[in-house]
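A.B. asks: Spelled out from the first residue to the last, the chains are:
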Amino acid sequence: MHLITVIEIIAILVGAFSGFIEARRKRMDVVGVFTVAFIAAFGGGTLRDILLDKRPLFWVIHEEYAILIFVLALVATPVIRTLRQIVSERLIVIADAVGLGLFSVAGVSSALDAHMPLFTASMMGVITGIFGGVMRDIVCNEVPMVFRDGKPYAICAFLGNWMFLLLGMNGFPHDFALWSSATFIVVFRLVTWKFDFRVGR
Amino acid sequence: MHLITVIEIIAILVGAFSGFIEARRKRMDVVGVFTVAFIAAFGGGTLRDILLDKRPLFWVIHEEYAILIFVLALVATPVIRTLRQIVSERLIVIADAVGLGLFSVAGVSSALDAHMPLFTASMMGVITGIFGGVMRDIVCNEVPMVFRDGKPYAICAFLGNWMFLLLGMNGFPHDFALWSSATFIVVFRLVTWKFDFRVGR
Amino acid sequence: MHLITVIEIIAILVGAFSGFIEARRKRMDVVGVFTVAFIAAFGGGTLRDILLDKRPLFWVIHEEYAILIFVLALVATPVIRTLRQIVSERLIVIADAVGLGLFSVAGVSSALDAHMPLFTASMMGVITGIFGGVMRDIVCNEVPMVFRDGKPYAICAFLGNWMFLLLGMNGFPHDFALWSSATFIVVFRLVTWKFDFRVGR
Chain A
1 MHLITVIEII AILVGAFSGF IEARRKRMDV VGVFTVAFIA AFGGGTLRDI
51 LLDKRPLFWV IHEEYAILIF VLALVATPVI RTLRQIVSER LIVIADAVGL
101 GLFSVAGVSS ALDAHMPLFT ASMMGVITGI FGGVMRDIVC NEVPMVFRDG
151 KPYAICAFLG NWMFLLLGMN GFPHDFALWS SATFIVVFRL VTWKFDFRVG
201 R
Chain B
1 MHLITVIEII AILVGAFSGF IEARRKRMDV VGVFTVAFIA AFGGGTLRDI
51 LLDKRPLFWV IHEEYAILIF VLALVATPVI RTLRQIVSER LIVIADAVGL
101 GLFSVAGVSS ALDAHMPLFT ASMMGVITGI FGGVMRDIVC NEVPMVFRDG
151 KPYAICAFLG NWMFLLLGMN GFPHDFALWS SATFIVVFRL VTWKFDFRVG
201 R
Chain C
1 MHLITVIEII AILVGAFSGF IEARRKRMDV VGVFTVAFIA AFGGGTLRDI
51 LLDKRPLFWV IHEEYAILIF VLALVATPVI RTLRQIVSER LIVIADAVGL
101 GLFSVAGVSS ALDAHMPLFT ASMMGVITGI FGGVMRDIVC NEVPMVFRDG
151 KPYAICAFLG NWMFLLLGMN GFPHDFALWS SATFIVVFRL VTWKFDFRVG
201 R
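Chains as they are written, first to last, in the UniProt record's numbering: chain A, 1 to 201; chain B, 1 to 201; chain C, 1 to 201.
Rather than coming from a laboratory, the hints here were simulated on the basis of the structure. We treat Cβ as the ideally placed atom computed from N, Cα and C, and that holds for glycine. Keep in mind that a hint or two might mislead.
Quick partial rundown of chain A residues pointing at chain C, CB under 7 Å, derived from the structure [stated by the list, open to error]:
(1) Asp53
(2) Lys54
(3) Pro117
(4) Ala154
(5) Phe195
Please construct the entire structure, taking both the sequences and the accompanying hints into account.
C.D. replies: Structural data, given as structure tokens:
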């Protein structure tokens, strides 16, 4: 299995896991738990693909990921309990940051393929990274967390996306631009999380 | 008028009616009542078609159904009162179950036409059957009922959709597969409703 | 700069401004303020284009408008304060009415280009005019204002859209139909606002 596949699966599972937690907090049944986890995991990329008019969607091509979330949702209660015992909050934040870095930059790349202009492409990357969580919170009848906690989550993605765009415009190889920008997002996110940095309202 | 057209109209009216009730409960005006009824009736199929990138949408082809809801919304208050007097809750549940059966299996069929893989096709059927109600509840600022009441509504659709897929894969004629699966969903839904069966959280 | 460009920019700014206010009221951070303003300004046209399957989206073609909202969101607090001092509520209502007139009729025209039937085209115009505000309110976890205040906002757009359709069907030139219908919407909206007219629930 390629490294990128492993990262992808872990990042999707972290997204789904955030949906499990939120759906349980709202006392949802198994249908709600699965749907909210699915939206949290795939919502951002799906919205990006609808805006770009790209098909087939990621979770149609990789149906195995959707099935994995389906199976986990059937046993969400023990899954949540087990994960909370064996995985620290720190590990979840790290896995989530890796997912944010990877999916944001991949979103920008996908928007460039669809001939989007630069600012739009940078936004498509942010949408990919954050709108899963936004839709999860809307379905759970909450004001989206990423819009109100003041933590530079979307901002990390936005800056890293521009690093990717600028490296590409200045002739750096695509792979180098992608990996260094994704790494930048991960590190920036973890540093601001570590020091509990907030943006002013 | 074909039987299927009659069933279609009744099922759409039941969806719209659920929107009338919910919008009124939230003290919406006529614009809200119409919009929520429209979303409740057509939202699931519209989301499916957007995900599958199919056009024209159902309510564009059958504009007469949209106009019917528009006219009913103008007189929603007497419509609700009259329906409540002449139609029992039992009849509404039956009509809704028939709609769930018909639209879910039709949604799977539509996804197969668009070359979706099996699990995705089964999900597209469930989305067709339940997301009208999900969007209705989101617009009305509620946690979607279908995600929290523990009643096997989406589950009936899911199992019936797989019955349709398995019958088709095993060489049964399309029409037999469609009607028997839709019937299965209707019966399963009504039996679980009758005995107030709940899935564990 | 053409008159229509000036009107367009002002109408978009009024939409974004309504997002600034609502996001601030919900104590959102800068990411939320930008996103809600963006959705309020472009959400209606984006939904219409997704339903019609039209690309590229308005805010991709006119990326400069998205960047303008981005820059304003960074300084939203002084922008709101300044605007509240120099611009009266009356002026904001007028600018918003002009935007409603322009974008509604433009939405109908866009739907006709996509070969939509008449009722659907009139609805697409209303969606263009009101769904930015609807989505803004949903993200802010409120029942959409336009569905519950009883003010004939969507109704003005709906009637003006039919005026546009009827003028076109009766052979009037496209430009005359467009401008007279947009003007009708603006005047009707301002008159009903002035006299605080409400539709019955």
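A.B. asks: Minimum Cβ distance from A/Ala154 to chain C below 7 Å?
C.D. replies: Cβ of A/Ala154 sits 4 Å from chain C, so the hint holds.
A.B. asks: Under the criterion of a CB-CB separation shorter than 7 Å, is A/Phe195 in contact with chain C as hinted?
C.D. replies: Violated, about 17 Å.
A.B. asks: Holds or violated: is there a CB of chain C closer than 7 Å to the CB of A/Lys54?
C.D. replies: violated (10 Å)
A.B. asks: Would you settle whether the hint for A/Asp53 is holds or violated, based on the nearest Cβ-Cβ distance to chain C being less than 7 Å?
C.D. replies: holds (5 Å)
A.B. asks: Tell me if the interface restraint on A/Pro117 is satisfied: Cβ within less than 7 Å of some Cβ in chain C.
C.D. replies: holds (5 Å)
Violated hints, listed in ascending order, are 2, 5; each of the other numbered hints is respected by the structure.
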